Amino acid sequence: MPFDANSPVSDDALMVLFANGDAQAAAVLAHRHTGRVLALAQRMLGDRAEAEDVAQGALMRLWKIAPDWRQGEAKVSTWLYRVAANLCTDRLRRRRGTDLEGIPEPEDETPSAEARMMARDRATAVQAAIERLPERQRLAMSLRFLQELSNPEVADVMGLSVEAVESLLARGKRALSAALEPRRAELGI
Amino acid sequence: MNRARDEIDDAALEALMAELRDRADPPGPDLLGRVMADAQAVQAGFAQAAPDPAPDPAAWRRGAWIGRLLDALGGWKGVSTLAASACVGLVVGLAQPETFAGFMPALSGGADSLGTGDTLALFDPFYDEATITGEDL
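Going down the list, the protein sequences come from chains H and X.
Note that the numbering used here has the first sequence beginning at 1, numbered continuously upward.
Note that the numbering used here has the second sequence beginning at 1001, numbered continuously upward.
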């Protein structure tokens, strides 16, 4: 078993191998998926340490479910994104103590956020704008544009209809645009 | 040009997101090490919970032989039918002849029919008048 995230072995096959004790299968799965889950968690939480905890937690759940993994029913990546999104939601709820429906639309940028955007490059400004999105818009935008999932795949991860995802994406784009517009010329957008 | 406040178009937003995507920090060796340690611990649990995969050769041989026999007899259905037939044959063989001497006329409605009042005798292969009455026939 090549110790390589680019191994041609499918995720489903790797899960079976892992459940049967193949340590190399674990290594390939870990290298293939940890980065993706970490990136999503980082977009959602804005904190590297917490994002790493989420990534480790999501992979732990993957290891434990391996003996019961049914091939062909779901993609490992989709399943991991769903688990990571739920873990992020739990952490965000603990932070704020509010439910998803209670999250308000982003307010005008605070002076500290503006000062931060002044000092950072364009990518940092976009990251900051994403972090200010309402949670579900943030998740939809991260999955669609940062993890490059299709709309149906995003819908599958979030447990929503495709239409609901498209609505979240439309609102997320408008919110991002509104957040970045004041610095458009400066950031070269 | 006096640009009115306008939304950043989709193409520009997607370009910004692509730029951000390319800057994602990969997982460090510490995180990957923890993930792999978790995997090894979980796999160790699988090994402890699994039954002994090495079969008893004698049991395997018996199992294979029994499997072939079952197939020859038509599976469990055939075997159960055979067993039922064998039980009936055993009963017939062990019962007293008089048992069936009364049974057959009752079914055909003949003169020696036991009649409806003694229907229990029809179903009890060991029914024997002497046993019931204590007479030595």
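Hints were generated in silico from the structure; no laboratory data involved.
There could be a bad hint or two in this list.
[Said to hold, decoys possible] Covered by chain X, according to a simulated footprint, are these stretches of chain H (three or more residues, beta-carbon under 8 Å): (1) 36-46; (2) 122-133; (3) 148-158; (4) 173-186.
[What the hints assert, rightly or not] Sample of chain H residues lacking proximity to chain X, with all beta carbon distances greater than 10 Å (derived): (5) Pro8; (6) Leu29; (7) His31; (8) Lys64; (9) Trp69; (10) Glu73; (11) Val76; (12) Arg136; (13) Ser161; (14) Ser167.
Predicted model, so just to flag it, every value in this text is computed and none were measured.
Glycine is no exception: its CB is placed at the ideal position from the N, C-alpha and C atoms.
Going down the list of hints, with the structure as the test:
1. Counting residues of the segment 36-46 of chain H whose CB falls under 8 Å from any CB of chain X gives 3; the rule of at least 3 is met.
2. Counting residues of the segment 122-133 of chain H whose beta carbon lies closer than 8 Å to any beta carbon of chain X gives 5, which meets the minimum of three for the stated coverage.
3. Beta-carbon proximity to chain X at under 8 Å applies to 1 residues in the segment 148-158 of chain H; the threshold of 3 is not reached and the given coverage is violated.
4. Only when three residues or more bring their CB closer than 8 Å to a CB of chain X does the claim for the segment 173-186 of chain H stand; here the count is 8, and the claim holds.
5. Consistency note on H/Pro8: stated as away from chain X, and its beta-carbon is indeed over 10 Å from all of that chain's, at 21 Å minimum.
6. For H/Leu29, the requirement that its beta carbon stay farther than 10 Å from each beta carbon of chain X is not met, with the minimum near 8 Å.
7. At the 10 Å boundary, the C-beta of H/His31 falls inside the reach of chain X, the nearest C-beta of that chain being 7 Å off.
8. With a cut of 10 Å on Cβ distances, H/Lys64 falls inside the contact zone with chain X, its closest approach being about 6 Å.
9. Under the 10 Å C-beta cut-off, the non-interface status given to H/Trp69 relative to chain X holds; the minimum distance is some 12 Å.
10. Against chain X, the non-interface label of H/Glu73 holds: every CB pair exceeds 10 Å, the least being about 21 Å.
11. A cut-off of 10 Å between C-beta atoms confirms that H/Val76 is not in contact with chain X; the least separation is 14 Å.
12. A cut-off of 10 Å between C-beta atoms confirms that H/Arg136 is not in contact with chain X; the least separation is 17 Å.
13. Interface exclusion of H/Ser161 from chain X stands, the closest Cβ pair being 21 Å apart, more than 10 Å.
14. Every C-beta of chain X lies more than 10 Å from that of H/Ser167, the closest at about 15 Å, which supports listing it as non-interface.
Hint compliance for this structure: hints 3, 6, 7, 8 are broken, all remaining hints hold.
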